[in-house]
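2 protein chains.
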Amino acid sequence: MKNMVNLNFDELQVQWYNIIPDLPEPLPQPMDPKEGPSRLQNLPNLMIGECLNQEFSNKTWIDIPGGILDLYSRAGRPRPLFRATSLEKKLDTPARLYYKSEFFSPTGSHKVNTALAQCWYAKQQGFERVTTETGAGQWGTALSYAAAITGLKCTVFWVRSVYNWKKDRLSFMKLLGADVFASPSPMTEFGRSLYEKNPEHVGSLGIAISEGMEDSQKDPKATYCLGSVLNHVLMHQTIIGLETKKQFEIFDDYPDIVISCLGGGSNFGGFALPFMGDVLKKGKKIKFIAAQSQAAPNLQGNYEYDFADYAEITPMLKMYTLGHKVDMEPIKGDGLRYHGSSPIISLLRHKGLIDTVAYPIDEKYVFEKAKIFMEAEGWLPAPESAYSVCCAIDEAIKCRESGEKKVIAFNISGHGFLDIYGYRTILGIE
Amino acid sequence: MKNMVNLNFDELQVQWYNIIPDLPEPLPQPMDPKEGPSRLQNLPNLMIGECLNQEFSNKTWIDIPGGILDLYSRAGRPRPLFRATSLEKKLDTPARLYYKSEFFSPTGSHKVNTALAQCWYAKQQGFERVTTETGAGQWGTALSYAAAITGLKCTVFWVRSVYNWKKDRLSFMKLLGADVFASPSPMTEFGRSLYEKNPEHVGSLGIAISEGMEDSQKDPKATYCLGSVLNHVLMHQTIIGLETKKQFEIFDDYPDIVISCLGGGSNFGGFALPFMGDVLKKGKKIKFIAAQSQAAPNLQGNYEYDFADYAEITPMLKMYTLGHKVDMEPIKGDGLRYHGSSPIISLLRHKGLIDTVAYPIDEKYVFEKAKIFMEAEGWLPAPESAYSVCCAIDEAIKCRESGEKKVIAFNISGHGFLDIYGYRTILGIE
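Sequences listed follow chains A and C, in order.
Quick note on my numbering: the first sequence kicks off at 1109 and runs consecutively.
Quick note on my numbering: the second sequence kicks off at 1109 and runs consecutively.
Rather than coming from a laboratory, the hints here were simulated on the basis of the structure.
Mixed in with the good hints there might be a few duds.
As the list makes no split between identical chains, a pair holds if one copy fits it or if it spans any two.
Unchecked claim - Straight line, CA to CA, 25 Å or less: simulated BS3-like cross-link-like pairs of lysine-lysine:
id: 1; residue 1: K1198; residue 2: K1329
id: 2; residue 1: K1231; residue 2: K1110
id: 3; residue 1: K1110; residue 2: K1354
id: 4; residue 1: K1197; residue 2: K1261
id: 5; residue 1: K1282; residue 2: K1472
id: 6; residue 1: K1231; residue 2: K1198
id: 7; residue 1: K1197; residue 2: K1231
id: 8; residue 1: K1282; residue 2: K1198
id: 9; residue 1: K1353; residue 2: K1110
Start from the sequences, fold in the hints, and give me the full structure.
This is the structure we're talking about:
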């Protein structure tokens, strides 16, 4: 039996899929808040020009420049799609399970797909440095990597509470040549205002975003990059789902259920939107499930305009949100800990096209399922990806009970080699 | 420009290459020492039957059973061959550099190629458990993985001095369901004799081998597995070089220099022997370089009969050796720290067909080169693989100086995600 489908270099996807023109109704535009300076007018100072164009594009297919294709191939794209034959047997399910291997990424997650594109465009526009924030660290690592291989400098503001204990990830970013600061840092005005009061301030993603933005705005040679939520980020990530669709053709199969974990929405969107296009345009019937944590079940929040950051520097986005000042419990799948979901995903959720499940905060339920996956398939998922795996296993078990031969596709957005501590802690393994 | 060549599932290599019949002279056979019980007569009690057959086989091509092909594809084989275009540019060299991506392995190293084969054969022979030793931990992890996905139990005796600090790797083995003991352990008679005198005994690979062997011999349902040195292990690894040769055809290129790091010889042999076959049979001219550490420059030792283990349980093998009781300085590339080189590699070295270089023990020279590679290509090599990378870069720099457009192929036998501590320490990175 065929267990995996590779694609070759010359089968690499040459266009990204922009779902915006295919959405069931127009995507609500970003808005300025009633008070304060215009965030929208500031966007051109903040974002890479081509990314800003893409953010508002109405073209369904956007050509991937040759330079970015080159970078994708150097990052190991296309990546295989696996049939989880061993897991199916272990679960004794009639379902057919397939998983996409974003864990083959050089930094360990799907984040490189947009990091490479953003750095390439930044370089084209003449920038010499990129700045960003990171929480769990996957995005900061991906941007450090992309900057290194495109010849840009990179500055990362990293939420101090995570910076303090993820030593290996910190060293990895530094090996890639990035400057990394615990946030709040003394490097920016906003950071300094907090840092001076308390040099051990644990920080937050919102604060780190504010620092990354301020740093780039004060340096004409620098630009700011964001790793999730925005339309162009999800679009860059559609390379995942587009490859997966080609690979399903080679398997001569097609999914009934499409699953991925969801924090801001970049890996879920990247994997699911190309299939969603089939639902919207070709009448395909697919159940989409976003796997979340009860620590941040943003798809169960309110569908309303909210800021993307704590400090209210971004424009307001129409999205499912828990409120941009909400407190969220710490979890090992830290990449899922975000208050809002991207506008595209939110609209589709609002139209009833995306289901969601949120797993308990203690994460035992999720990590135990990930262990079952590991023992069967041998790959170590990132903590965030463990939610995707868990949801797929739960659906496969439902099929065992109902006898339905459903086809379940799930994305493993990253590997867990830098997060074994999380598994050890949650599962009580030595 | 083409940066990588993937192969698909149906292009997976279906035979291993056994170089023994092609060697320039007969391979010296293993021998019993003059005194003590016969180690040779004990081999059938110790080794998997099919592996023992393969060890002495004179067939050039050995079919890979369908079950093992299945396992290989589930482990992500075939793996891409990359052209290091960015590194070439960074080094300003006219040389063309290519690297094989064993870092895509589920456990992070090439060791799975033989672990999967051995576990599959063990299962066929009715065994329920495999035992082994491990030093750096790559082999123990690979066997834990292979046992898990073939449905075997796995017991690993791990040199205590390494066991004590590689927490993540220990947890990884346990996540895969293995029983792992610090060696010397109280679990075997031999281990107990040392453990009772000193429960903090730091152990050695030789002691751990003895424990693994004893444990399997006392349990008729268990068999012992070895991860390097032996002929059949190198043969299983030839899948690396055989894939690489196919990929070079697609690149329409062919190497002048073939490089890999060498401890016992399994990754070097697996990568180089298929090319060596071209030298021996087709008159190709290739320079082979084994990258070693001055902590264990075994190819600069004596070519003579020696034991493969400290405790003298194995037969004596004709090999380049530093002596099986030699003390070796600890290094981060711990997988290269072995007193002898496999008999096949040793014979080829003896015939002048393999060059060798040994890098300084402080490893700064090696890791600095690995950092150059990372900044250009983005992949994080295992500490052992860093030796391979370093040697390739040195050869590329020679080409810059001489103007020669040589083609350099090197193997990256594993990733360094579980070994970032080593980079941090050696390079003085935060």
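**Request:** At 25 Å max between alpha carbons, let me know whether K1282 reaches K1472 within a copy, between copies, both or neither.
**Result:** Between copies, since 16 Å is at most 25 Å while 32 Å is not.
**Asked** For the identical chains here, do K1197 and K1231 meet the 25 Å Cα criterion within one copy, between copies, both, or neither?
**Response** For K1197 and K1231, the Cα distance is within 25 Å only across copies (17 Å; inside one copy 48 Å).
**Asked** Given a CA cutoff of 25 Å, do K1353 and K1110 count as a within-copy pair, a between-copy pair, both, or neither?
**Response** For K1353 and K1110, both the intra-copy (16 Å) and inter-copy (23 Å) Cα distances are at most 25 Å.
**Prompt:** Given a CA cutoff of 25 Å, do K1282 and K1198 count as a within-copy pair, a between-copy pair, both, or neither?
**Reply:** between (41 Å within a copy, 19 Å between copies)
**Message:** My question is about K1197 and K1261: at a cut-off of 25 Å on alpha-carbon distance, are they close within one copy, between copies, both, or neither?
**Reply:** between (48 Å within a copy, 18 Å between copies)
**Asked** Should K1198 paired with K1329 be assigned to within, between, both, or neither, using CA atoms and 25 Å as the limit?
**Response** Classified as between: cross-chain Cα gap 23 Å, same-chain 54 Å, threshold 25 Å.
**Prompt:** Between the shortest in-copy and the shortest cross-copy C-alpha distance, which are at most 25 Å for K1231 and K1198: within, between, both, or neither?
**Reply:** Result: close only across copies, 17 Å inter versus 48 Å intra.
**Request:** First find the shortest C-alpha distance between K1110 and K1354 inside one copy, then the shortest across copies, and answer within, between, both or neither for a cut-off of 25 Å.
**Result:** Both: 15 Å inside a copy, 21 Å across copies.
**Asked** Is it within, between, both or neither when you check K1231 against K1110 at 25 Å Cα-Cα?
**Response** between (41 Å within a copy, 22 Å between copies)
Violated hints are absent here; each numbered hint is respected by the structure.
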